[in-house]
Every structure is written in C-alpha cells, then in structure tokens.
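Colleague: Chain by chain, the residues:
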Amino acid sequence: MGESSMMAERRSILPAAVAWHGVRYEPVEAMARFVLRGSDAVCSTAAEVIGLSNPSVLRASHDEHRAILWQGPDEWLILAPEVERVALLQRLETALAQAPHALVDVSHRNVAVRLEGEAATRLLATGIMLDLDEAAFPVGMTTRTLFGKADVTLWRQAPQRFHLETWRSFAPYVIGLLQAGARGL
Amino acid sequence: MKFSALALLKQALSGEPWPEQWRSPEPKPAYDVVIVGAGGHGLATAYYLAKEHGLHNVAVIEKGWLGGGNTGRNTTIIRSNYLWEESQKLYEHAVKLWEGLSQELNYNVMYSPRGVMMLAHTEHDIQSAKRHIHANRLGGIDNEWLTPEEAQAFCPILNISRDIRYPILGAALQRRGGTARHDAVAWGYARGASALGVDIIQNCEVKGLRRAPSGAITGVETTKGFIGAKRVGVVAAGHTSVIMQMADVQMPLESYPLQALVSEPVKPVMPCVVMSNTIHAYMSQSDKGELVIGAGTDAYTSYSQTGGLHISAHTLDAICELFPVVRRMKMLRNWGGIVDVTPDRSPIIGKTPVEGLFVNCGWGTGGFKATPGSGHVFAWTLAKGEPHPINAPFSLDRFRTGRLIDEAAAAAVAH
Amino acid sequence: MSDGFRIKGGRIDRAKPISFSFDGTVYRGYEGDTLASALLANGVHLMGRSFKYHRPRGVLAAGAEEPNALVTVTRGGGRSTPNLRATQVELYEGLQAESQNRFSSLGFDIGEINDLAGPLLGAGFYYKTFMQPKGAWAKLYEPLIRRAAGLGEAPRHPDPDHYANRFAHCDVLVAGGGPAGLAAALAAAQSGARVILADEQNEFGGSLLAETTATIDDQPAQDWVRATIAALNAMPHVTLLPRTTVFGYFQQNFLGLVERVTDHQAAPPSAVARERLWQVRAKEVVLATGAIERPLVFAGNDRPGVMLASAARIFCNRYGVLVGRRVILFTADDSAYAAALDLFRAGATIMAIADLRTNPTGPGVDAARAAKLPVMPGTVIIAAHGRLRADGVTLGAIGEDGAVRAAGDLPCDALLMAGGFTPTVHLFSQSRGKLTYDEARQMFIPGTSVQRERSAGGAKGTFALAAILAEGHAAGRDAAQKAGFTSEAHVAPQAKGDIPVAGGFVGAVPQPKGGVKGKAFVDFQNDVKATDIIAATQEGFRSIEHVKRYTTTGMATDQGKTSNMNALAIAADALDRPLPQVGLTTFRMPYTPVTFGSIAGHARGDLFDPVRQTPIHGWADEQGAAFENVGLWKRAWYFAKPGETMHEAVVRECMTVRRAAGLFDASTLGKIEVVGPDAAEFLNRLYTNPFSKLEVGRCRYGLMLNEAGFVMDDGVIGRLATDRFHVTMTTGGAPRVLAHMEDYLQTEFTDLKVWLTSTTEQWAVIAVQGPRARAIIAPLVEGIDLSAEAMPHMSVKTGTICGVETRLFRVSFTGELGFEINVPSDYGRAVWDAVWAEARKHDVCAYGTEAMHVLRAEKGYIIVGQDTDGTVTPADLGMEWAIGKSKPDFVGKRSLSRSDLVKPNRPQLVGLRTADPGFVPDMGAQIVPVANPAPGSSAQGFVSSSYDSAVLGRSIVMGLVAGGRARMAETVFITRLDGAAAPATIVEPIFYDPDGERLHG
Amino acid sequence: MLLIECPYCGPRPELEFRYGGEAHVARAADPATVDDEHWTAFLFWRGNPKGLHFERWRHASGCGRFFNCARDTVSDVIVKTYKAGEPKPDAARLMTGTTP
Ligand SMILES: Cc1cc2nc3c(=O)[nH]c(=O)nc-3n(C[C@H](O)[C@H](O)[C@H](O)COP(=O)(O)OP(=O)(O)OC[C@H]3O[C@@H](n4cnc5c(N)ncnc54)[C@H](O)[C@@H]3O)c2cc1C
Ligand SMILES: NC(=O)c1ccc[n+]([C@@H]2O[C@H](COP(=O)([O-])OP(=O)(O)OC[C@H]3O[C@@H](n4cnc5c(N)ncnc54)[C@H](O)[C@@H]3O)[C@@H](O)[C@H]2O)c1
Ligand SMILES: Cc1cc2nc3c(=O)[nH]c(=O)nc-3n(C[C@H](O)[C@H](O)[C@H](O)COP(=O)(O)O)c2cc1C
Ligand SMILES: [Zn+2]
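Residue numbers (this note's numbering), protein chains in the order written: chain A, 233 to 417; chain B, 10 to 424; chain C, 159 to 1159; chain D, 24 to 123.
This is chain A alone, in the form it adopts within the complex:
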C-alpha cells in the first residue's frame, strides 16, 4: 500500500486565449460536470439541490457559477465549480436516492471554450449548421449539434458570447477549425 501524499497535477488540453479579427477565444476553466439522466422530476430534484430551476427544452438555467443544460428529454448536463464536485455529487445522489436515474461524472470528458466578439456568430457559422440569428437562437438557448465533424454543445450566454463544449480529444479539431474559420471571416 502506498503512502503517496503527492497530488498529481491537472493538465488541460486547451490552448491559451487568442484574439482573432472580431472575436476572442478563451479556454473555460476546469469545472465539475455531471450527466444526469432520468425523468423530468429527477432533474427538478437535482435543480433544487443546485439552487437552479429545471431548464426548459433547449435551454440552460444558470447562476453565476452553475448551470444545468438541457441535452435531451431525459438528459441534462450539470456544470459547477470544480471545488464543489465531490460534495455536489454526494448531495445529488442523496437527494435522488429514491428515483431511478443515472448520474455520471464527466468533468474530464468535456472541455469548453468561450467565444466572444462581434464576429462570434459568423465564425461559428464556419461549422455550425444552425441558424444563429438571435430570433432563432436566443440568449439562454443550448443544444447539442455539430461543429464541422465534431459533436458539440453550444450555449449562447450573451448576444455575442458563446460557450462551446466538446469532448476532450475533439478540442484541437474544434479550435483548429475556429482558427481556419477566422481566415474566412
């Protein structure tokens, strides 16, 4: 049995922030992330624990530090500060003990980038097929979709600020495509 008291260091795959013409890319700091599956009631219970509302279809509910992103009719993505991860997991499992559900930690599976600037929607349109006009994709909307050949979760936080979440190993592709797209703006 080891006596190691060392703590391994975390290493993100995301490069540092860059500003392109009209849009700035920024890595989103490490977060606690859980996939929650189950009935709508399950999400309501979880939302209560977190102190947020159960988001409606294709929407995020959030406060300054936490968010619940609708992913599908029985699936939500919970985002919270990394320091809350263990405690939150426990509180959620306790609250949900009686309801059939699945709660899975994906804090390291996903990474996210933030895009901000007047060209943000144009840049995203390099690879996002959805209509990003505010009438069609208002602030607060979130969905899984494709960015080029990568699956992503897109969340509009402000008219020209987006949170773009993907699986870890797809991040270089996503950022590469953003970079290439910036040449085509």
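Hints are computed from structural coordinates only; laboratory data are not their basis. Owing to the predicted nature of the structure, the values given are computational and were not obtained by experimental measurement. Just so you know, even glycine gets a beta-carbon here, dropped at the ideal spot from N, CA and C. Errors might be hidden in some of the hints.
[Said to hold, decoys possible] Partial list, derived from the structure: chain A residues whose beta carbon lies under 10 Å from chain C:
{"hint": "1", "residue": "Asp337"}
{"hint": "2", "residue": "Ala357"}
{"hint": "3", "residue": "Leu362"}
{"hint": "4", "residue": "Ser401"}
[To be verified] A short list of chain D residues far from chain B (calculated; beta carbon distances all over 10 Å):
{"hint": "5", "residue": "Pro34"}
{"hint": "6", "residue": "Ala52"}
{"hint": "7", "residue": "Pro54"}
{"hint": "8", "residue": "Thr56"}
{"hint": "9", "residue": "Tyr105"}
{"hint": "10", "residue": "Gly108"}
{"hint": "11", "residue": "Met118"}
Position chains B, C and D with the ligands relative to chain A; hints supplied.
Modeller: Chains B, C and D with the ligands alone, transformed into the frame defined by chain A:
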C-alpha cells in the same frame, strides 16, 4: 452492317446514313422470355439468351430509355479482385468476357485495363488488402501489393506524404482492372440483341405481374398493355423491390441514391483507377478527359436519383487529400443513381418463390463490372430454369440459412 | 498591340490601366474589363480551339454561358486554373492567360487536320472502330485519343490556396441580381425579411449594366441600379454577395453558393480564403437568373467574330469595346435591334440586319429603320466565311414558298446572332420543379413548383423591363410574406424605353435546297453539328437522352447553355415529333463548374477528420513513438530507440513485458457507464454473457453480437455497484457500440430503467502489465488492497493514485499480471509520469499497439475486426463459454441456430504452427491443402493473426480454418506471395502459458 | 441535406441525425419461438417502397432520441415525424394531406 474503320470510310465518302443500331418495335402479344429492365444486365441477358441458348422470342421491357438506369450513370470501374471465392468466380467470369467484348459485339466498348489500385491507409487496410491478394492469387486472379512509392509510380499525382491525415501505406493493384464506356456497353448489347431478334421496347413500364391460378407467371402488365411470357426475368436494379412487390415477393433490398460527378475535361493526368474505401474516394479519367469521381450513398433510402451536397463534399474532401493537384479543378456535373443494396452487399441471381419469375438484382454500388458475366449466367438460368454453377451461391435462400457472401465485412464499400 | 477597338463609355475605369498577357503577348486593358473584353478591345477574337476538330474559335457570349473562349490562368506554382471562361475572368494587373487545346500555337494548330477529316469523325465514330486487333484499343488508339481530348492542363502542383465555408440562413434568397432580382430583393428587404442577394458577376445589375435607353423611376437604368444597391447596402438584414454563383438547389430549400473572393485581385492576401462556399437554408427563394441568348445554326456559325448580339451589346455598352467595325446581324428577335443601334451609335457600320422574320415590327425595328440601318426581312445567313476571323457571309433570301435562295455575299468583321432567349431555369429544375413549354414563344418556362420558390424576369420568360420589375417586386413581396413578413405598400419600380426581347427561333435555320457546304454547329464546345444530331436519330437514338450521350451535345463545360434548345429542336424535327414530347435532358448541379477546393473547404490536413489524441500522447511523442490511425485516434504503435528497427523495438517491448513489465496507454479504449436499476438485465440482453450474478467489484469479459449472430465487439465489463457498470469496448468500435446499445434500449427494451453515458474521454487508462506490475503501482495507490486475495484477476476497485481518484482494474490482455489504472483525463499525463518514474526503477518500458497485438496473440486472445470479419460466430471462435446458457434471449441468439451457422465445417479459429519457425505468414494468407494449389482452387481458411514471437522464439499464427477445431495436428499449407505455400500444423490457438499461471501472479 | 423535424428539438439539418432503416419492424418478444422464415423476414426483408416510407432516425448529434418519420422516397419530402412508440400513422391519410 458491320462496324469497322473501312465501313467508317465508306460511309464518310458516300454520305449515306448509318442504319439503325437497334429496332424500336411495338410489343408482340407474347414472348418466351420477358426481361424487365434494359440496363446493361438486362440487355446482356437478352443477348446471351439469343446467342447462346437459341431463344430469339425475347423482349426487353424498359420504362425509360435503354441504358438510362445505373448503367448510364456509374463510374465504370471494372475489377474482379473480390474476397470470397463465389464473388471471384462471378466477377472474373465477367472480366474474361470484357476482354473480348468489343470484338464479340462489334462495338467498341472501350474496355481499358488501365489498372485498379485500392489504397490502404491503416494497418487494418493492409491486412485486408493482403487477404484479398492472397485469396485472388489462389483464385487465379491478378492482384499485387505495392509500396507507397510503387503506388505513386503507377499514379504520379497520388500524394504519398506521411503527413496527411490518412497516409497511404500501400495499395493493392489489379492490372487487368480498369474501365469501359458505360453507354457503349448498353448500346452494344442492344444492337447485338436486336440483330438476333430480341425486341427492345422502350418507354414501356411494367406495372404488374400477371399470374395463373397456380401462381405461376403468365406475363407482365405494362403501359403498352399486357405482354405474355413463359418466363420473366426482373433486372431492374434500384426498382427491383417495386416490381417484385407486384408478385407479393418481399426482397432483402434497400434502394439508396448513389452519386457520382465529373470534373471539367483536362489533358491526361490520371493513368489508372484509384479507389480508397477507407476515406471514400474513387477516381479515374475518362477518354474525353473528365475526372470521373464516385461519391457515396445518402444515408436514407430514396428513389430520387439525386442526393445531398454533403455526400459529394465528403468525397471531394478525400480526393483533394489524395490528389492535391486537382483541388483547383472544377466539378462539372453531379448526378445520382438508385442502387439496390442487399444485407451482404452481394447480388441475388436466380429463382424466386414464384414459378417462372427470376431475379437478378442487389448489385448495389458495384454491378457495372459484372455486366457481361451477370447477363451470361442469368441467360443460362432463364433458359434452363436452373442457376448456372457460378450464380448458384447467389440465391435468395442464403438469407434464410445464413450463408451470406459478405463482401462488406472485409471492405467497407464495393465499387 | 494597341487597344484600337476601345470606344468611349462603359463601366471600366480608364484611370486604372492594366497590362496583362495572353499566350505570352502583353496587352492593355482597364479595371472593370474581363479578359474577353480586353482582348476584343485589342482586336483579338481568336481565343481558343474546339474540342474535336480544333477549329479556331472566338468569344461567343459575354458571360457564364461562354462555350469557346476557355483559357488557363496561371499565377505560378500550384495556382494554375484551367478551363476558365475568358468572359468571366476579371482583369488584374499582370494577369497571365494561356489558350488551350492547341498543338503549337493558337493560330497554327496541327490538330486542325481533324477538321478536314470531319466526315470520318461524326457522332459516335469511336464506337464503330478501333476494335482490331484485340487489345489495340487500350495500347494504341486510346492513348492517342486521350492525348487529343481534354481541354486545359490540370495543375501540376498542389493548390496552396485556402477555401472557406459558411452556413447561412435567410428568409429570402434571391438568385440573380438583374432588374428582376434587384426588385425582388428590395421588396423583400423592405418588409423586414432577412435577404441574401447573390449574383455571379462582379457587379449587380445584370442586363441593365449594358442598358442605354431604358429608364427606371425616371432615371437612367444604371442610376436606378446604383440607388437600389445603396438602399440594400444600408439595410443590416440584407447580405449582398457579388461574384457568387448559386450553383445547386437541394432538398428543403438548401442551396449551395460559391463566392469568388480573391481571384480578381492582382495580389491576393495569403491569409484570405480564395473562395467561400455558402450553404444556405432559405425559407423562400426567388429565382431571377435571367435568360441566355441562343445562337442560330448555320454553316460557319462558329468562326471567330461570330457572336451573340447581346454579347456584342454588352461589350459595347458595359466594357466600351467594339467587337467589329463592319457588323452584320442575323436575328429573329427584336432585341438584336438594340444591339445594332448601340453599335451603330458607337461607330460601327451596320452592313446588314438579316431578319429571319418576313415582317419584323416593333420599337427596335422602327428605330433601326429610322436610323437608316439596312434591315433585311426574310433573310438568312447561309454561311459565314473566314478562317481565323469571320470576313463575310453568304446571304439567302426566303421566298414566299419558304425556299431559300442565295442572295449574294457581304463582307464583315463581326457577325451577331440573335436567336431569341432561353430562360435560365437550371435552378428551378434542380429544385425538381416541372417545366412547361410555351408553344407560342418556343421556350420552357417554370411550371409547377415543388419547393418554396418562385421565378421572376427573364428566368420566367418575361422580357419587357416594366414587366420584369413588376414581377421581381411581386416575387420579393410574396416570398417575404410567405416567410412571415408583411410590408406596408412599396410600389414596384416603373420602367420605360427598353427594347424588349420578342421573337426567336430554335433549330437549324432554313437553308437552300440541297444544303450548303460547311459545318453548322449546335454545341460549340463539343463540336456537335446539326448533322450529328440528325445522324444520331437515324441510327436509332430517339430519346433526347440518347442523342445527348451519342453526340455529346450539352455535355461540355457550359452544359449546353447556348445549345440545348437548338439541339432539341433539331432532334424533334428529325424525329418528326413535337418538341415538348422529345423533352429536355436533366439539369444537374452545378450551374457553372465549381472548384473542388471550395467544396472541400476546411477539410484538409488535420481538419480532414478530427485527430484524437490521448492525454498521454504528448509523452509518447516526446519518446519518439510511431503512431497508427485507429478510428479517429492516433495510437502509439511502437517506441523505437534511436537506431532500432520497428521489429527490434517490438521484440524488446514484448520481452520486457514478459520479463518485468510494460506501460501501455489504453486511453482510447471505448467506455460506457451503464447505470440504472436494470443495468445488469440490459447487459444480459446486449452481451452473450450473463451479468446478473456478477459481484460488485468484479469484471467479466463480454462478447457482443449483432442480430444476425455475428461477433461485433467485445470488452471487459466491471461492476462498480449493483446498478452501475463500467463497460469497455474496442477503440474503433466505441461509437458503433454505443449506437447499437441506444438503439435496443430506446426502441426494443423500452421497459428497462437504465441509461448509457459515454465515458471514453473521462478516463485516461494506463495499463501496467507484467510480473512487476503490482510492485510498480503499489507505492502510488491509496485505499486499495492490491493483494491477489483482495484484488484477484478480473476485479475492479476504486481508490486513489497519486492523490487522484482511480478506478483500478485488475485485467490482462497480455496474459501477465496486469492492472489498468483509470484516472480522470486531465490527470492522465501526471499519473503516467509518476507511474513511469516508478516503473523505471524496475527496468521496464512503454509498449505500443504492435507489441500489444503480439502479446495478446501469444495468449490466443482475439481482436474483433482482425480475427473476426463480420461473418464469425462465438462458436467459430471456440467461445461457447462466453454464452450464458440459461439466458432466454440476447441480441443475436436466435440467429445462431440458422442452418448455415451450425454447420460443422465452418471456419473456426485455430492456431497454426508453421513447420519453419522463422516463417511469419502474411496476415490474410490463405490456408490450402497442398503446397502448390492449382489456380482457381478453393481456400480452407485464412490467417487472421501472425507475428514473430520473441518469447517463444518462433512465429505464432492464428487463423480461421474450415472445421478446424476437429482437425488438430493436421498439416495444412499457408500461401505466400513469393513462392509455394508453406506447411503448418493445426494447433490450439494458445501459444504461451496455456494454463494461465502468469495471470494470477 | 434534408431538414428533419426532431420531435424534441424541432427542425435540424440531416447531418445531426443517423438513419435507422425501416420503422415498425418489431423484434419478437421471444425470438426463440419464431420460425426461420419469419426470423429472416425480421432480419432482412424490407418494404423498400417507392412512395411513403416509415423509417427510423436518431437525433444522434442532438438530443440522442430515436424517432420515426414518414417520408416520400420519391420526392424526399418528410410528411411527418413522431416519437418512437407512437402508433404508425395511417398512410393514406398522410399522403392526401401532403402538398409537396
Ligand atoms: C453513381 C454510381 C456509380 C457506380 N459505380 C460503379 C462502378 O464504378 N463499378 C461498378 O461495377 N458498378 C458501379 N455502379 C453500379 C452499377 O451501375 C450497377 O450495378 C449496374 O449498372 C446495374 O446494371 P443493371 O442493368 O442491373 O441496372 P440498370 O442499368 O439500372 O437497369 C435497370 C433498368 O430497369 C428499368 N426499370 C426499372 N423499373 C422498371 C419497370 N417497372 N418497367 C420497366 N423497366 C424498369 C430501369 O429504367 C433501368 O433502365 C455504380 C452505380 C452508380 C449509381
Ligand atoms: N432590356 C434589355 O436590356 C434586355 C435585352 C435582351 C434581353 N433581356 C433579358 O431580360 C432579362 C432581364 O431581367 P432579369 O433580371 O430577369 O435578368 P438579368 O439577365 O438582367 O439578370 C440575371 C442575373 O442573374 C445572374 N445569374 C444567373 N444565374 C445565376 C446563378 N446561378 N447564380 C448567381 N447569379 C446568377 C446573371 O449573371 C445576371 O446578372 C434578362 O433575361 C435579359 O437577358 C433584356
Ligand atoms: C462515366 C461518365 C462520364 C460522364 N461524363 C460526362 C461529361 O463529360 N459531361 C457531362 O455533362 N456529363 C457527363 N456524365 C453525366 C451524364 O451527363 C449524366 O449526368 C448521367 O448519365 C446521369 O444522367 P442524368 O443526369 O440525366 O440523370 C458522365 C457520366 C458518366 C457515367
Ligand atoms: Zn432532438
């Protein structure tokens, strides 16, 4: 009138018009054999029925214009380097016939054995290619392994850099593989069959299959009326399910749009056929100079003869990776065909549960190359009422017993 | 040369002269010129050679429909673009263009001999000859034909340029920015709709850019254009896309547009994309693509200097170029009079206006007569003369009886044809709309719509400017309204003073009895003559589709834009059938040719497909690992030390694992967390193995079948809690397995309360395999008893390693004592570094996938996809043990009892012990009964795995052999590519440590 | 590229979806009792109609749900999409209700 250089000269000097290449008769009330579908396979079947089995009272019924189905819209790749013994026998039979087809038909079908090179991009591809090569050699079919450098020597515009996303690790080359002029194949068989007495009836759609109380086939209902037949052979490619449904026969088929495209013509740059099943790119250059590029099928079944832009785009992505000098060239025309796909990606050639009704279908994305062989064995099957040994394994029954001939298992796509 | 044909006026910028070269000669033009207009200004008409006969050709048209003037534009390196239409190449300083398809020079081309051999080279001649002797086609004739065919040369170097992509959405997309399109865009935009207006030309305005007499809303037409563009530009919800071709109309109002961003620039900034693909989903579409003028079919109609009247008018009014000084017009359409008047005013002598119609009337004719232009009703041109440039015509008079009699020759240096206009219905047709034939005006116009689009203006056969504007306006409003936008009443622009298109002619023009000498072309680029079309019908090619393919009419790079209607009319006439019954050939995308690069867009290099790398990738890279592609992943293949070959490296890696231990990055392994009260039951149904009784903390191998009973994937499944499983699968199979599971869960086993979450990327996986494995990890692990008793083979525990939470598996794919450390991905690298540091104390190495393959093969462990190929059952693999006997059902079970799947002679997995221990067969080699099987023999099976085993000092081989498991000790032969098949003995497929003692160490 | 109405997320581009073949081909509750003929039909026989086709799609790069879709295989027009488990709509009624 026999075609030759001399005939061409005579005609040029005299200014006389050439005779019709085939007759366009009205249907007779009945035939010994009615073939549904005047694609290459149907016309070849009729030709061999007349030529080799003495059956001249034969009609080929075509809803549109002859050769206008997949025969007229394919990328014309011919090869016989298939994996399974059953397939090898079938496609090799065809290649042997291709080799003498222009002379047989007195029609230049421009069979051009310029070599078909199939690229390997992964270790798995290499194993699969080697498996094909060993199996083909055993089957008496030429197929050889090329290093990336040898592959590039064979096709100089190939990008063998190790730095591309899916570097080329080698290739399997069948030198006897190549291309032929798709339209000429249909026309040559049509001319040959017509001369032997076969009636080719175009603009005549089969709308029903008439059956005796015993269940046996008695003929076909068409837009030109009822046409009696002792035997009916359905060779309708993408439309096979629709026709078989007329006799309440369900088929293990799904029809998908498959696209192809050509570039603007340029002077020769592409001396052979190159295929990459792994990243979905197929390219050759026609005698007229266009790059002929095969794309993939759409995800969904459809009879629309067109497809989505993303399908062609996917192929052009791959083409530009493999042949970066063509990136600046332009797509001239893009089109689609309807391919009938079986669960094991092998054709069905033989009897059906209905007496007198025979079927030849399921060639999916790769039946052009089989045209002469398919027609040849299907003619035998129709004439004798029993499959030829070469097509016996390609029965409908194999789906029940599980004796599939799964070419897809080893190679993702079969062109 | 001087630009002696340059006149006053036009939209070129005389303050910006440009020098450019064509076939090496330097000329002068101006900004705003096209290559064609600038060459014409310099008196150069000869711009190309035709495809088959190598006839000298000049420019026919002024736009996208140009069939003749095809050039290659080079910018050096890979920036060489063949087959560009000179009429669309915008001039820039230093532009270099070359003519094409000539052997020697444009003026002297030995290929022109084909022109003399014309009678031999009629439609389809190649199908009738070159057949003898057998084999000569491919060796002799074909290479010659190929060299003669083709147009320009493909670039020789890779294209260095960049291409961009943009997805876009709008309420109304307007294709074409002539009067109809501008009016439509304005009307739609005024109602608040999001509008995209695209025009393939560098300027909006379409035909109005060459309009001289018309006024719109009481201002000159071009002023109205300017004002309209300014108004549209001022609206933020309008996107104006000049130089943008709408090339494809796909399902559900999805359209492809390609924007040429930099080709017109002298020095394109390298950071900018050359072209941009726009993929637009439009709620509503307005097609305002105009109409294209038809040539007339008569002998010599292809000579340089013979061109469309509308083109001559455009060159004159828009570019300030006179295409000739002594001009003859040949027309069946009023609009030619507008051209005649404009050229006349610009200083040309109008030698004759030969009008096919016996009694032409209308404002154009009146104006021409008033200007004393020689209007000759009832007149045809029988032939045009001149080799490198038209120098005269033979006129013919149409008598009362309709017969044509020669009426003398007339000199000229330009001959303008006006056969009427063909509506540009390409996009409408691509949208699957049905065309209808307007009998009176002999044109196909849009009929029934299938998608949410409408046409306006020339595209719909409407030619009077006032009507075009009204129609455009109405179309724009209607589109906006259907998209949900209603506007207060804006009125349509009002126009007057134009000379509209009226009349026209299709087919071959009347000729004197007995015909005339000389070739009358229908399809200029493919050299298809009227006689070819007639000959084809005589040869039995009665369908227009057959005529097209036999003669190749309409198959050139212009896709018959100027020729299809004439070809159809000639065919209909020859077949004696009404034209609409003969019908048009299918319009296909693209409208004009589109660069491959623009369609591929960003998908090149690392963006061709995502490159997935594990958290430990960087370490392997630093160690100089070679990588292999597996699915989208890059996996470390082997770690060669400096000077080591791959084989040496693999031998070392394998031996090290067996002797001490090795570290392996297994992060790419697919992982799914299966959670819920019914998790075990779900796995029971998806895998052959039983899971109900698996204890928490233990693992089980799982074999997954497809419904047809064939092996599709496998992996180790660990139970973390009664309702929670950690399921692993093959790297390449992960997406497929998850989709397969979801499919059954959502659509078949809907009674089960269980959910699936992909955790592949949550966990980095470090495999530590070998006798020293426990010793290596022990110092780093906390909270887990690693002893054999507490943690036996096939168990899983949670705890921490290096302070990080871990799911620690005791599993082995090498046959050695082994652990797989799962840690959250961001910690993967640090934990690997720590484990590596420990491992080095034990003299171990990192190993790659190749060594992994060897090690597992030594143990007879299968790899799905290598030892199976989609036709293999569990029994074929000798894995009946993996089947839960008491389970009533699992996916694939029922199929296993089908007759062919229970045959005794099915290929079965066996080991093969080669007689020569140094012989490592090719994977894929065939198994045969004799050393020298006759060609055409059957195989008994094939080699699925084959390696040189260092620990055994010999080759190890696995294969699938017919009835193999009942044939132990039998000798078979394994094919080789370099000689006779080599003998091998059938053995059990396990070569090393058959009793599995090392596993339990 | 088709525009497909996901019953959960609304209209989305085809690329977000995976096609799932013919719909309403039910797997027997107890396959062991199914004879070869019927089992073969379940595995392989497909209607493949030229006209209205009931088919499965999964919103794979979206909400992840399987759902069913009635599409005309000649025009590719999607007539209706509905959630998995909902009954198969009446074909005749669907076709009369369509404008292309
Ligand atoms: C884009 C594309 C690329 C391809 N590339 C290759 C390749 O490179 N190599 C290769 O070997 N194969 C290729 N193929 C496949 C190949 O084209 C076909 O397998 C082959 O041409 C089939 O020939 P056929 O005679 O059976 O069918 P078809 O030529 O399609 O003939 C069937 C005929 O039946 C007619 N018909 C249908 N219904 C009726 C009815 N009710 N009444 C009367 N007539 C009817 C049709 O109109 C049609 O003319 C490709 C296919 C496509 C679409
Ligand atoms: N009064 C005249 O000057 C006169 C004379 C003769 C003919 N006409 C005809 O009357 C009509 C004028 O009005 P209109 O607005 O209908 O046509 P137009 O020709 O003025 O404008 C059509 C515009 O659409 C563009 N276009 C065509 N296809 C395109 C595509 N796929 N993508 C992008 N752009 C494309 C063309 O380049 C052109 O600019 C024209 O057909 C014209 O030829 C007018
Ligand atoms: C091998 C091959 C080469 C072709 N080359 C050309 C060509 O050079 N020009 C052209 O316009 N079409 C070419 N086509 C495409 C046909 O014009 C046509 O699109 C195809 O036969 C499908 O018919 P459809 O588009 O009328 O439905 C070619 C087709 C094939 C199969
Ligand atoms: Zn959805």
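Colleague: Now tell me, hint by hint, if it's right for this structure.
Modeller: Verification of the hints:
Evaluation of the Asp337 of chain A hint against chain C yields a held restraint, the C-beta minimum of about 7 Å falling below 10 Å. The closest approach between the C-beta of Ala357 of chain A and any C-beta of chain C is roughly 5 Å, which is under the 10 Å cut-off, so the hint is satisfied. A hinted interface residue such as Leu362 of chain A counts as satisfied when its beta carbon comes closer than 10 Å to some beta carbon of chain C; here the least separation is about 8 Å, so the hint holds. The restraint placing Ser401 of chain A at the interface with chain C holds, with a minimum CB-CB distance near 4 Å, inside the 10 Å limit.
Every C-beta of chain B lies more than 10 Å from that of Pro34 of chain D, the closest at about 16 Å, which supports listing it as non-interface. Chain B leaves Ala52 of chain D outside its interface by the beta-carbon criterion, the shortest separation being 22 Å against a cut-off of 10 Å. The beta carbon of Pro54 of chain D sits about 14 Å from the closest Cβ of chain B, which is more than 10 Å, so the claim that it is off the interface holds. Residue placement check: Thr56 of chain D keeps its beta carbon more than 10 Å from all beta carbons of chain B (closest about 17 Å).
In this structure Tyr105 of chain D is separated from chain B by more than 10 Å, as the shortest Cβ-Cβ distance comes to about 17 Å. Consistency note on Gly108 of chain D: stated as away from chain B, and its beta-carbon is indeed over 10 Å from all of that chain's, at 21 Å minimum. Interface exclusion of Met118 of chain D from chain B stands, the closest Cβ pair being 15 Å apart, more than 10 Å.
Comparing the model with each earlier hint shows no violations; every hint is respected.
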